[in-house]
Amino acid sequence: GKTEHSFILCRGGLAERLCRLQNRERSAISFWRHQCISDNTPSDKSGVLIVKILEIFEECTIQVAICQQLEQSPVTLSPEDAAINAEEPVLKVLFTRETAAHLKSRPQDVIHIYPPWQKLLLQNADVPVIMNTYFSQKVLLSEHSEAREKTYGLTKMLIRKNIISLAQTFRLDDPDDKLHQEPSDNQVACAPQIPNNGDSKQHPLALNAVNDSLLEMVESQGAVGWRELQVRVVIQRVYCLPAREGCRSHTQGNKPLLSNGGMFCRLCLLVQDAYGMFSEVQLQSLSSTDDSEQYCRRWEGKSCCLAGMKILQRTTRGRALGLFSLIDSLWPPAVPLKVPGQSQDSEMMTTNLPPPSFCYILTVQSGEIHVEVDEEEQISNLYQPPAVHGLKEILRIDGCNRRCSFWAQVLYRRLQTKHNVPIDQRDILFFVTDSTLQNAVPGIPKVVAVSVTASCVLSMETGEALSSGSQLVFFKDALWGNGRIICVERTVLLLQKPLLCSAAGADLSELTGPVRLDELDSTTQANSICALRGTVVGVNESTAFSWPICDRCGNGKLELCPQDRELLYCTQCSEVVTTPVLKMQLEVFLSCPSRSQSTVKVKVWHDIRVALFVLLTMLLFLQTYEVQSVLGKEVGLLNCFVHSVTSHPNSVALEEIALL
Amino acid sequence: MDSSTLPAVAEELLREIKKAFRESSHGTDTFSSRLKFIFGPSAVPALDLVDQRSVTQLRSPSGRTLYQVLGSSGKLYTCYSSCHYCTCPAFGFSVLQKSESLLCKHILAVYLSQAMGACQELSVSEEQLTNILLAEEEDEG
Numbered sequence: 001g002k003t004e005h006s007f008i009l010c011r012g013g014l015a016e017r018l019c020r021l022q023n024r025e026r027s028a029i030s031f032w033r034h035q036c037i038s039d040n041t042p043s044d045k046s047g048v049l050i051v052k053i054l055e056i057f058e059e060c061t062i063q064v065a066i067c068q069q070l071e072q073s074p075v076t077l078s079p080e081d082a083a084i085n086a087e088e089p090v091l092k093v094l095f096t097r098e099t100a101a102h103l104k105s106r107p108q109d110v111i112h113i114y115p116p117w118q119k120l121l122l123q124n125a126d127v128p129v130i131m132n133t134y135f136s137q138k139v140l141l142s143e144h145s146e147a148r149e150k151t152y153g154l155t156k157m158l159i160r161k162n163i164i165s166l167a168q169t170f171r172l173d174d175p176d177d178k179l180h181q182e183p184s185d186n187q188v189a190c191a192p193q194i195p196n197n198g199d200s201k202q203h204p205l206a207l208n209a210v211n212d213s214l215l216e217m218v219e220s221q222g223a224v225g226w227r228e229l230q231v232r233v234v235i236q237r238v239y240c241l242p243a244r245e246g247c248r249s250h251t252q253g254n255k256p257l258l259s260n261g262g263m264f265c266r267l268c269l270l271v272q273d274a275y276g277m278f279s280e281v282q283l284q285s286l287s288s289t290d291d292s293e294q295y296c297r298r299w300e301g302k303s304c305c306l307a308g309m310k311i312l313q314r315t316t317r318g319r320a321l322g323l324f325s326l327i328d329s330l331w332p333p334a335v336p337l338k339v340p341g342q343s344q345d346s347e348m349m350t351t352n353l354p355p356p357s358f359c360y361i362l363t364v365q366s367g368e369i370h371v372e373v374d375e376e377e378q379i380s381n382l383y384q385p386p387a388v389h390g391l392k393e394i395l396r397i398d399g400c401n402r403r404c405s406f407w408a409q410v411l412y413r414r415l416q417t418k419h420n421v422p423i424d425q426r427d428i429l430f431f432v433t434d435s436t437l438q439n440a441v442p443g444i445p446k447v448v449a450v451s452v453t454a455s456c457v458l459s460m461e462t463g464e465a466l467s468s469g470s471q472l473v474f475f476k477d478a479l480w481g482n483g484r485i486i487c488v489e490r491t492v493l494l495l496q497k498p499l500l501c502s503a504a505g506a507d508l509s510e511l512t513g514p515v516r517l518d519e520l521d522s523t524t525q526a527n528s529i530c531a532l533r534g535t536v537v538g539v540n541e542s543t544a545f546s547w548p549i550c551d552r553c554g555n556g557k558l559e560l561c562p563q564d565r566e567l568l569y570c571t572q573c574s575e576v577v578t579t580p581v582l583k584m585q586l587e588v589f590l591s592c593p594s595r596s597q598s599t600v601k602v603k604v605w606h607d608i609r610v611a612l613f614v615l616l617t618m619l620l621f622l623q624t625y626e627v628q629s630v631l632g633k634e635v636g637l638l639n640c641f642v643h644s645v646t647s648h649p650n651s652v653a654l655e656e657i658a659l660l
Numbered sequence: 001m002d003s004s005t006l007p008a009v010a011e012e013l014l015r016e017i018k019k020a021f022r023e024s025s026h027g028t029d030t031f032s033s034r035l036k037f038i039f040g041p042s043a044v045p046a047l048d049l050v051d052q053r054s055v056t057q058l059r060s061p062s063g064r065t066l067y068q069v070l071g072s073s074g075k076l077y078t079c080y081s082s083c084h085y086c087t088c089p090a091f092g093f094s095v096l097q098k099s100e101s102l103l104c105k106h107i108l109a110v111y112l113s114q115a116m117g118a119c120q121e122l123s124v125s126e127e128q129l130t131n132i133l134l135a136e137e138e139d140e141g
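Respectively, the protein sequence lines represent chains A and B.
For what it's worth, UniProt numbering labels the leading residue of the first sequence as 1, then goes sequentially.
For what it's worth, UniProt numbering labels the leading residue of the second sequence as 1, then goes sequentially.
Bound conformation, chain A alone (with noise of 0.2 Å):
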């Protein structure tokens, strides 16, 4: 025959779909026409509509016949049905070209028309229509009939053209929607015998067949009808990602919803699907972010359903180091993929495959539903989660830009004191340490320090859960390279164990006995926290400096009371303050004996609480401040924080902290 597909059709587009449905549907046709041939009649009676011809013309190449119904197969007969033939009920039978040429039909023959046949009842006519007649039989009745039938192939028969008028044109515009039938009138008679493709995953609430690549949804972008694919995943981690100041369409209003900052933050899933692939989806921005926990306790691990979704970016690993760093550590998968276009059975051994080079970011059209996750089913198996190992292991992790995860006890938080970053875009360094280190032999450090960038989001539980005291923190998926550990974006700190976490032979026993830190000594390096011992030696007079407090809010900005001039008075707490705390501050040299070559310096600060008379006399007293009394005291232990170490001159500068 003619070629009419010889141009490239869509992929995915409705051209696409048709040309595959004809192909299955012409060899379903051709299969069963030789097997009238051969077996005479078809085995299967239900559903078959038997006609007797009347009369037949031709419209275009569709030969239309009416058609008196003669018996239906009970299968069919519907109560309708049966009111209509009590009266020799007439229909209009649809044959192409092709068929008719086949069954060669004349009037009062019977024909035999077998499932799946379509019956289309038209507005404004009482006549059915029967169209899809593909499987069409001719019954011959009788001797007669054949001998009928021999003579009358000689002869050709005339059937009638009707000519369409090119003025009849087609409205789609219904003025009343009344009158307008249902669609399910025009059913289907019976069920399809053309053999399914099998993608017959149904998700309860889904319309449509539920798509299982990726690739897939995303290539039939922009052709019509895509935004009712949905396709099944794995969701293989939740977090938060900080939305860019560029970024507003899909932030509701401008409300700040990150207690890191006032910067927007958005859920997002890693997803990936049975064929391996990944994929980034930023949902919405969400009103609070103590919910992304939840999203995440409630999600990571389940199957979930996504449709009309659009294409934000596609990433490849060079461009998105931080994505591809969590990819890797999600590969090899847990279990074997999906080959695509080859059946459900065959499956590709995944140990050699090389991690994804590229990956697509979605995102969701705003006001509409996309997601459906089924959490009341079971966390599926291509789940990885994440793998939690001690931080001694950690520190010796080869390699760079590994993602790791681990629980640690959070002891001192310090921010960056970058003066041109503003406050909410800091670094916040974090000083952990856990039983693998606590116990370690010397040589391994026994607090590491933990740097949480900007793009990491901190949930407001967490935030204000560590600024109140020590916490056992579980880090998922922090970044390690360089020796530094660093929860970047995609790093996710909970406080609570999460649901599922395979310990890779992790010692996670609880800190016995209280927390030692390295002592200071020549290997010590700035931004680091240590413990020393030593003995005044000297002190720095000019750094000397005491200021009362409030003792119930701590703020150090007191006033002169505007009644009583010689009251204090604390405008944050709104009240006159009687017993203030003096905090002294005093920088003091030091002579460690762990690091006998240095000149160590320590800012230390003193907190006295005192009654506002001997707090006034104190004030008073503080320039014939007796250094003296000091020079030969023992000090130690003291808990520090480096901030510099220099060479020459041999000096670190520390200065005194109080741990969580």
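FYI, nobody ran anything at the bench for these hints, they're computed from the structure.
Just so you know, even glycine gets a beta-carbon here, dropped at the ideal spot from N, CA and C.
Some hints here could point you the wrong way.
[As the list claims (entries may be wrong)] Which bits of chain B does chain A cover? Going by a derived footprint, with three or more residues having C-beta under 8 Å, they are:
id: 1; stretch: 14 to 20
id: 2; stretch: 109 to 118
[Unchecked claim] PhoX-like, lysine-lysine: derived pairs with alpha carbons at most 25 Å apart:
id: 3; chain 1: B; residue 1: K98; chain 2: A; residue 2: K104
id: 4; chain 1: B; residue 1: K98; chain 2: A; residue 2: K310
id: 5; chain 1: A; residue 1: K338; chain 2: A; residue 2: K446
id: 6; chain 1: A; residue 1: K161; chain 2: A; residue 2: K52
id: 7; chain 1: A; residue 1: K603; chain 2: A; residue 2: K446
id: 8; chain 1: A; residue 1: K161; chain 2: B; residue 2: K98
id: 9; chain 1: A; residue 1: K119; chain 2: B; residue 2: K18
id: 10; chain 1: A; residue 1: K119; chain 2: B; residue 2: K19
Fit chain B to the given chain A structure using the hints.
Quick look at chain B alone, frame taken from chain A:
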């Protein structure tokens, strides 16, 4: 039987498609096979034209409309709104001369695009619309 059957069937089919798309329900396979049955070899090419968003409705201030379809060969064909007419050679042959088809693939694509909301829209001046119509005449002349 008085009036013709096929146009009524085709119209009903297209209405169904429009309803299905309005409700975002599926059933693409059902109407696809019907389209194929009625329109034969035009069905797949017409759907392809819809996939490629090839149909544009031109509208002038007076309310006159015209359709232009970008064919697969890159040529722009004009289809009338008030009657079934297309400037493509297939229309002249299959529809006018041989009465073998009800529509050519371009006219079918116009209807399908209308039904599925895939029609692009363009506002043109009266003069531009007239020129397009006249240009067609000149070609045939």
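The hints, checked one at a time:
Residues of the stretch 14 to 20 of chain B lying with their CB closer than 8 Å to a CB of chain A number 6, which satisfies the three-residue condition for coverage. Only residues whose C-beta sits within less than 8 Å of a C-beta in chain A count toward coverage, and the stretch 109 to 118 of chain B has 5 of them, enough to reach three; the restraint holds. Distance check on the hinted pair: K98(B) and K104(A) sit about 22 Å apart at the alpha-carbon level, within 25 Å; holds. For the hint pairing K98(B) with K310(A), the CA-to-CA distance comes to about 46 Å; that exceeds 25 Å, so the pair is violated.
Between K338(A) and K446(A) the CA atoms are separated by roughly 46 Å; this puts the pair beyond 25 Å, and the hint is violated. At roughly 20 Å between alpha-carbon atoms, K161(A) and K52(A) fall within 25 Å of each other, so this suggested pair holds. A C-alpha spacing of about 23 Å is found between K603(A) and K446(A), which places the hinted pair at or below 25 Å, so the restraint holds. Note on K161(A) and K98(B): the hinted pairing holds, with a Cα-Cα distance of about 11 Å set against a maximum of 25 Å.
Simply put, K119(A) and K18(B) have alpha-carbon atoms about 18 Å apart, close enough for the 25 Å limit, and the pair holds. Distance hint between K119(A) and K19(B) is fulfilled; the C-alpha atoms sit about 18 Å from each other, no more than 25 Å.
When the structure is compared with the earlier hints, violations turn up for hints 4 and 5 and for no others.
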